[in-house]
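Asker: Here is how the chains run, residue by residue.
Protein chains: 4
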Amino acid sequence: IQFADDMQEFTKFPTKTGRRSLSRSISQSSTDSYSSAASYTDSSDDEVSPREKQQTNSKGSSNFCVKNIKQAEFGRREIEIAEQDMSALISLRKRAQGEKPLAGAKIVGCTHITAQTAVLIETLCALGAQCRWSACNIYSTQNEVAAALAEAGVAVFAWKGESEDDFWWCIDRCVNVDGWQANMILDDGGDLTHWVYKKYPNVFKKIRGIVEESVTGVHRLYQLSKAGKLCVPAMNVNDSVTKQKFDNLYCCRESILDGLKRTTDVMFGGKQVVVCGYGEVGKGCCAALKALGAIVYVTEIDPICALQACMDGFRVVKLSEVIRQVDVVITCTGNKNVVTREHLDRMKNSCIVCNMGHSNTEIDVTSLRTPELTWERVRSQVDHVIWPDGKRVVLLAEGRLLNLSCSTVPTFVLSITATTQALALIELYNAPEGRYKQDVYLLPKKMDEYVASLHLPSFDAHLTELTDDQAKYLGLNKNGPFKPNYYR
Amino acid sequence: IQFADDMQEFTKFPTKTGRRSLSRSISQSSTDSYSSAASYTDSSDDEVSPREKQQTNSKGSSNFCVKNIKQAEFGRREIEIAEQDMSALISLRKRAQGEKPLAGAKIVGCTHITAQTAVLIETLCALGAQCRWSACNIYSTQNEVAAALAEAGVAVFAWKGESEDDFWWCIDRCVNVDGWQANMILDDGGDLTHWVYKKYPNVFKKIRGIVEESVTGVHRLYQLSKAGKLCVPAMNVNDSVTKQKFDNLYCCRESILDGLKRTTDVMFGGKQVVVCGYGEVGKGCCAALKALGAIVYVTEIDPICALQACMDGFRVVKLSEVIRQVDVVITCTGNKNVVTREHLDRMKNSCIVCNMGHSNTEIDVTSLRTPELTWERVRSQVDHVIWPDGKRVVLLAEGRLLNLSCSTVPTFVLSITATTQALALIELYNAPEGRYKQDVYLLPKKMDEYVASLHLPSFDAHLTELTDDQAKYLGLNKNGPFKPNYYR
Amino acid sequence: IQFADDMQEFTKFPTKTGRRSLSRSISQSSTDSYSSAASYTDSSDDEVSPREKQQTNSKGSSNFCVKNIKQAEFGRREIEIAEQDMSALISLRKRAQGEKPLAGAKIVGCTHITAQTAVLIETLCALGAQCRWSACNIYSTQNEVAAALAEAGVAVFAWKGESEDDFWWCIDRCVNVDGWQANMILDDGGDLTHWVYKKYPNVFKKIRGIVEESVTGVHRLYQLSKAGKLCVPAMNVNDSVTKQKFDNLYCCRESILDGLKRTTDVMFGGKQVVVCGYGEVGKGCCAALKALGAIVYVTEIDPICALQACMDGFRVVKLSEVIRQVDVVITCTGNKNVVTREHLDRMKNSCIVCNMGHSNTEIDVTSLRTPELTWERVRSQVDHVIWPDGKRVVLLAEGRLLNLSCSTVPTFVLSITATTQALALIELYNAPEGRYKQDVYLLPKKMDEYVASLHLPSFDAHLTELTDDQAKYLGLNKNGPFKPNYYR
Amino acid sequence: IQFADDMQEFTKFPTKTGRRSLSRSISQSSTDSYSSAASYTDSSDDEVSPREKQQTNSKGSSNFCVKNIKQAEFGRREIEIAEQDMSALISLRKRAQGEKPLAGAKIVGCTHITAQTAVLIETLCALGAQCRWSACNIYSTQNEVAAALAEAGVAVFAWKGESEDDFWWCIDRCVNVDGWQANMILDDGGDLTHWVYKKYPNVFKKIRGIVEESVTGVHRLYQLSKAGKLCVPAMNVNDSVTKQKFDNLYCCRESILDGLKRTTDVMFGGKQVVVCGYGEVGKGCCAALKALGAIVYVTEIDPICALQACMDGFRVVKLSEVIRQVDVVITCTGNKNVVTREHLDRMKNSCIVCNMGHSNTEIDVTSLRTPELTWERVRSQVDHVIWPDGKRVVLLAEGRLLNLSCSTVPTFVLSITATTQALALIELYNAPEGRYKQDVYLLPKKMDEYVASLHLPSFDAHLTELTDDQAKYLGLNKNGPFKPNYYR
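Chains as they are written, first to last, in full-length UniProt numbering: chain F, 1 to 488; chain W, 1 to 488; chain A, 1 to 488; chain L, 1 to 488.
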């Protein structure tokens, strides 16, 4: 399969991923290792490629390709556990089931394949859709979950540890099927979208909608749109309020402590920490660390965020001012080379360095691959980089995303994004002719609010309803939307 | 002076102020009492109207009308105290002074007249402007500060306790001057703008820009613009990021505790509090109260804000669920009749009720003016409303804004808004032909960032600068703006 | 009246009060000004000494000496307001009233005379006691409250602004009465106890118990006891758990913000603050300031407290390390000259300095009384001390206790101490012969727990009861005490 | 080996451990499983008992008995990692090394054998002692660490998964040695002490001191002392300030979040949690959970602790009031049957139940072993208990201590206790004749302060020193102790 050329035009934009040539044709999410939620059971005993295996599920179907169909039961239990924190999707199944709003929808999907996405996929099926699925990342598939999906009849093509060739083969198996033609795309990273666009232009033209959740994938869609080549309406789920405010802020507040503890067992009380960047991710990290007794410094380039940090009780410094004294360095900038070799040289012994930002470029890890430094892998995802004088810097996940590599992400927060994806698919699939043109859209505010409202019962939260009189006074519809679109 | 008719068209829009007929021609800010920052010295000894007095400052000028020019020294000291927390304006004076960016500007202004606005006015003068000023509220003028401004040569027409007629007389004295014609307007509430628009259309046409900071005034400008009658570019300062995120969130975090303590000496630890509304104001109140050991409940109509409240650790309830058990009720909704007589009837003895929202309609105070209830004024701004069975509800500021009535607002936060106003004036006054049309604008992101950056030295905060390489990677100019306009 | 000699032996111990010779015979609490809770109404119109006035209450009694008996109604309302946060005492009245546990008790008292102590005094009366009362501080009497007590029939001798001669005259009027002999003492500071001991030794011998709540007074009692001269059992209320852990920690958490706001309107967000001392008082201050967004540094001499500060997220520094950069300095050490002239010289412009500790010696205020410095009183309790170069330091309450001078103390916390005092009186008065010898005692743990339990209903808190089985397992009585005496 | 009879007299006291007959002769710590810090490498390949193996370290010695001497290198690295957070011990080595204060000491020890205790043991050796060591718990030994100690020449007898017989055999091997007689005991749980006392009375008599750190062991010592049978001075390390305030409060604040995350990946934001018990452990748990956005309820039997919970902002309830609504139940009481079957029956689906208290009796786990309930082990340490209607309760660590079973304990906090132990040994070993009698002592306050001071450099904390004048004023020695012994 020749895909490298096809990807060329996508890779011209200034990428944040800093991938080297070998893997330039795979989106960032595809190559980030993603170990935390990864396979639970040990499958090292089996070195045969899934593509070469003959497997059949209990109903006799072999319309899938997974590591080991026998792991289905274990995966099913993980899916059931996930369901307990994804009651919004379950409740969506119940509310919409009678009418089957996705009846007739043929969805081809490409996402991480985890217990959480399994709940999404099975929700789509429950709403009437037929689904074929591959993985957006060669490492992130939970084999047991993939097996459980296959056992349940979903056409899933994915396993942990795919080669690049496997990756595209799996995508192709989802799209290229006799007697079945996709009419919806759910994508994470844009690889699937690109594949269909390039390889199956006739299929692409008849797609009724694309739902995309990643920064990278959204960027690609806007590029296509700008170039006049997007002949399909697309929904940008990445920039919806619920994603930005919940996924980033709260998710990081939850996972920064977890990621640091699991890898280093560090005590937080009294530790001096510098957090580079005070966007939503940085805000979440700072709040959690301060709450547990750390002394937190912030670096910022943007004076507005810097002023927020000040008002929130953090000293705003340049990294070089505090680099000698801090115990932990965390990057959350979206930028590159924020932590340089010079900084690393000046850190004190045992300083922990990790990245919570958008890419693996924030810490200049490459600069540490020099002969005078010794690398020692002390635990999974934990390296000691040792200077000639014996100083050790503790590098986590080799500078990749800490919360994907070393901690788990709360299922509940993933549920918010998954529900948004489901609603985006329903909206696009059912929208009357003309509501959406060949462009990239944000989910309507009202649907954002609906996503939020589906998650309130988990907290036993009770919304107040406007009286007629109040609604009139405020100039609002009683059922929302309650805020203007630009409100954050 | 006949002004009532002229105001008619402005008052048609659904107003949040709920003003009754008598005062319908005055904007909300004009009639809210505003005691906290009010006059420090006792001026009750002097009942002669300032309009009938002959006063001269030490330089022999009588181009002003204030309560008592002799209070100038006291007012000057208050201005000096305010300057210490408004170093952004002082630094603006220094940075821009050489070039006098407002040389030639003739600014007519109508705002609260406090030590803080005095610092703004004197900054405008230092930058080259000539200023004439009146008060946007008949109660809020600090007489000593007005005296100090008059002594310093500013043409100020304002005193605490103006009548409605005085109010418009003062405005008119600012505009209607022989041999001086305003070319810029700085307004808070829109009354001045309206007056010029209606009474002096020829002046209005030649205005180079209007800067408006209130919700009400901005609303009026958009109306004018919609009606095609706005022949002047206007800057909406109210919706700038620095105002929304700082003035509301942090200001309320600071002032809710202060307002409650000064009026009731209530202990916060262990108190059960319900906060109605979880916007920026509610978020600020909740954060402060929780931090001091209160148990806080939230009510919300918007599921997204409700979900944020949940994630932040607050139970989201309907007011009726908790009304019997809470010790304090705080409204922050912008809505009306959020606390009804029915709620008030069910409150427990000694429950404190107050309003931090946008108007005095949130608590249905009118419903308490019934014969069976006894009102007892126990302290300034504190009423006990007594039920026939002896139950007392503690009502603060008669339901008007607690932080304007019973606490002070941090000067530093006011400095952010004042600096934004100054920059908006400079921008409009110096903008090349064509940059701004006859419309309402938000301050450019870059200037928001500049406002923030001027406030960082107060915290000894040090911004990080992008390297050329990083700026290129991020696709940003090294000097900003660093975020898209819609970023909040 | 010659009292100076009599006091000599008491003043030999190393005192924390640093009082100078003139007032050395008055305990610290006597001379600290105590303005916050002081008289509400303006009594400046009346310069006649109360001792020279003839006043009668509405029942015709003149067995009292107060500023103005006509202020009784206002005082009564303040007492009623205080009662609402002192429900423990009200409930004690109800529970014990039937049996009148203080029937026959003749209590002579000397405390601050405020609305809160009025609730205590009236509780003692309701439990059967006869009371005569004077003030332990020449400034702290709330005249209206004293009037209300006098109107209600309590023999109170106290007013705001007593001279030293007045002070002892009032005490003497309480003790030296024909046909009435005190058998219990409730004291705050030890002046009353000393007076009875020295002047009326025959009365002293027949006292059944002394209850003392101040550090100073307790110190004096231990001295007497050591010297073998304490012929009466005494209860040390100052060191009871409820006083130490609640009065200090929570009270300071509540009042530090209030004291700073009322005097300076300072914004807390982002301010750099150094707190000297991390005992209970310092812990309370640090918690509140950090919670509102300040950046807090701690100084300590004790490594254990220093380690707690570290674990709680505060940097532990020497004062000289941060003195140039901080915005606020707060002393909570119980030590002297913690803030020296050298520190004051190095502070930055506008730095606020105040004291929350046990005495007025923590800040070396005397060192600021030098010719080159200008003092400017900018508000009540607020002085600007101005250096020759124009630098101003903002000194609060001239270095005296901020929370007594510039803020209020939560009534609820005072209720805990007042209830402890009441129970201590009941215990001593009713204790069987021999339970208490001529010594100083702490309140039994069980009674501490009872005090706490009386305060739980205010929070609607529900205690869990041990089952028989659990009590046996833990080796505890089901009704407590639940902890050993040394538990804190 | 017959030990059961010997233990009889120890087991008469009302124990907190609720151990059943089979294991009644082993102290609580011995039988609690202790998995978290347990062996890193997989040793399941080797089923031969260490007692039957012939092993020799690289120096040719076989004076030890461990699982696998070849794991020494891995263990050494873990010890080195631990050393980085135990700099107090390292610095003790440096400060005391010259004088070898333990020269001649022959210490027999019985503790958990982890990387942290290895640092302690090697410190004792560095200070001159000879050590022989066994494990106080049959599960808690980190085999690799034991191997590293053996390789370094320490006579260690311990492995993970000992039988009861192995347990006593190991202890005996430490004590019963030709030509070597212990003169100091370091114990955790009292088993070693008992063994020496019973089996080797002649050795026991010549012991110069016992240091004990567990509740159980201390209880046993006080019993012996009461019975007049303690012929040796003993130091109660368990009740030292540094242990109580740091080990409990901060340790639990750190580990509760970690324990819950590692086992359940639960999101904390918005979760309703009830914490049973508001002692130091409960306070730590509540602080952490509230800080991360949980809504926390508290149950208490002690009104003083209950009042603290109220003031800290937690609702105090009975467990039955909230059991239906909470998402997590955490016990921290030291009591038994705090969570009963009745409570468990009423919990909602997915409720998580765990124990942070002193024993495994707080949750009535036995009551769940009934036929109608299904147990499903979903992960290590995580059981789903399933009711007939499908409801699942998530039980962690089968009700044993969560932070020992499912999280790590911060090395730094362990360092505080370990340093206290080392100082206690030095003090007892070097104390002049007569300073300590045959009784149980607390470490002198001054040494507590010394322990704390050794830990301050980790935080770069700088203590303030008293001036001579201040020390005199306070009546303190400049070098401490700074607080009375009873101060907490």
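Don't read these hints as lab results, they were simulated from the structure.
Each residue gets a CB set at the ideal place from its N, CA and C atoms; glycine is no exception.
It is possible that part of the hints are untrue.
Claimed, not checked - Mimicking PhoX-like on lysine-lysine, the simulated pairs with C-alpha atoms at most 20 Å apart in a straight line are:
(1) W:K290 / A:K205
(2) A:K290 / L:K290
(3) F:K318 / W:K290
(4) A:K483 / L:K100
(5) W:K205 / W:K478
(6) W:K318 / F:K478
(7) L:K348 / A:K245
(8) F:K483 / W:K245
As the list claims (entries may be wrong) - Pulled from the structure, derived: some chain A residues nowhere near chain F, Cβ distances all over 10 Å:
(9) S61
(10) N63
(11) G153
(12) D165
(13) N183
(14) K198
(15) Q223
(16) C310
(17) D312
(18) H384
(19) E433
(20) L474
Claimed, not checked - To list a few chain L residues with every Cβ distance to chain A over 12 Å, as calculated:
(21) P233
(22) I301
(23) L307
(24) K336
(25) V338
(26) A431
(27) D460
(28) P481
(29) K483
Asker: Hints first: check each against the structure and report whether it holds.
Answerer: Each hint, compared with the structure:
no.	hint	in the structure
1	W:K290 / A:K205	violated (52 Å)
2	A:K290 / L:K290	holds (16 Å)
3	F:K318 / W:K290	violated (32 Å)
4	A:K483 / L:K100	violated (41 Å)
5	W:K205 / W:K478	violated (39 Å)
6	W:K318 / F:K478	holds (16 Å)
7	L:K348 / A:K245	violated (37 Å)
8	F:K483 / W:K245	holds (16 Å)
9	S61	holds (57 Å)
10	N63	holds (56 Å)
11	G153	holds (51 Å)
12	D165	holds (51 Å)
13	N183	holds (52 Å)
14	K198	holds (52 Å)
15	Q223	holds (41 Å)
16	C310	violated (4 Å)
17	D312	violated (6 Å)
18	H384	holds (25 Å)
19	E433	holds (52 Å)
20	L474	holds (30 Å)
21	P233	holds (21 Å)
22	I301	violated (5 Å)
23	L307	violated (5 Å)
24	K336	violated (5 Å)
25	V338	violated (8 Å)
26	A431	holds (22 Å)
27	D460	violated (8 Å)
28	P481	violated (9 Å)
29	K483	violated (6 Å)
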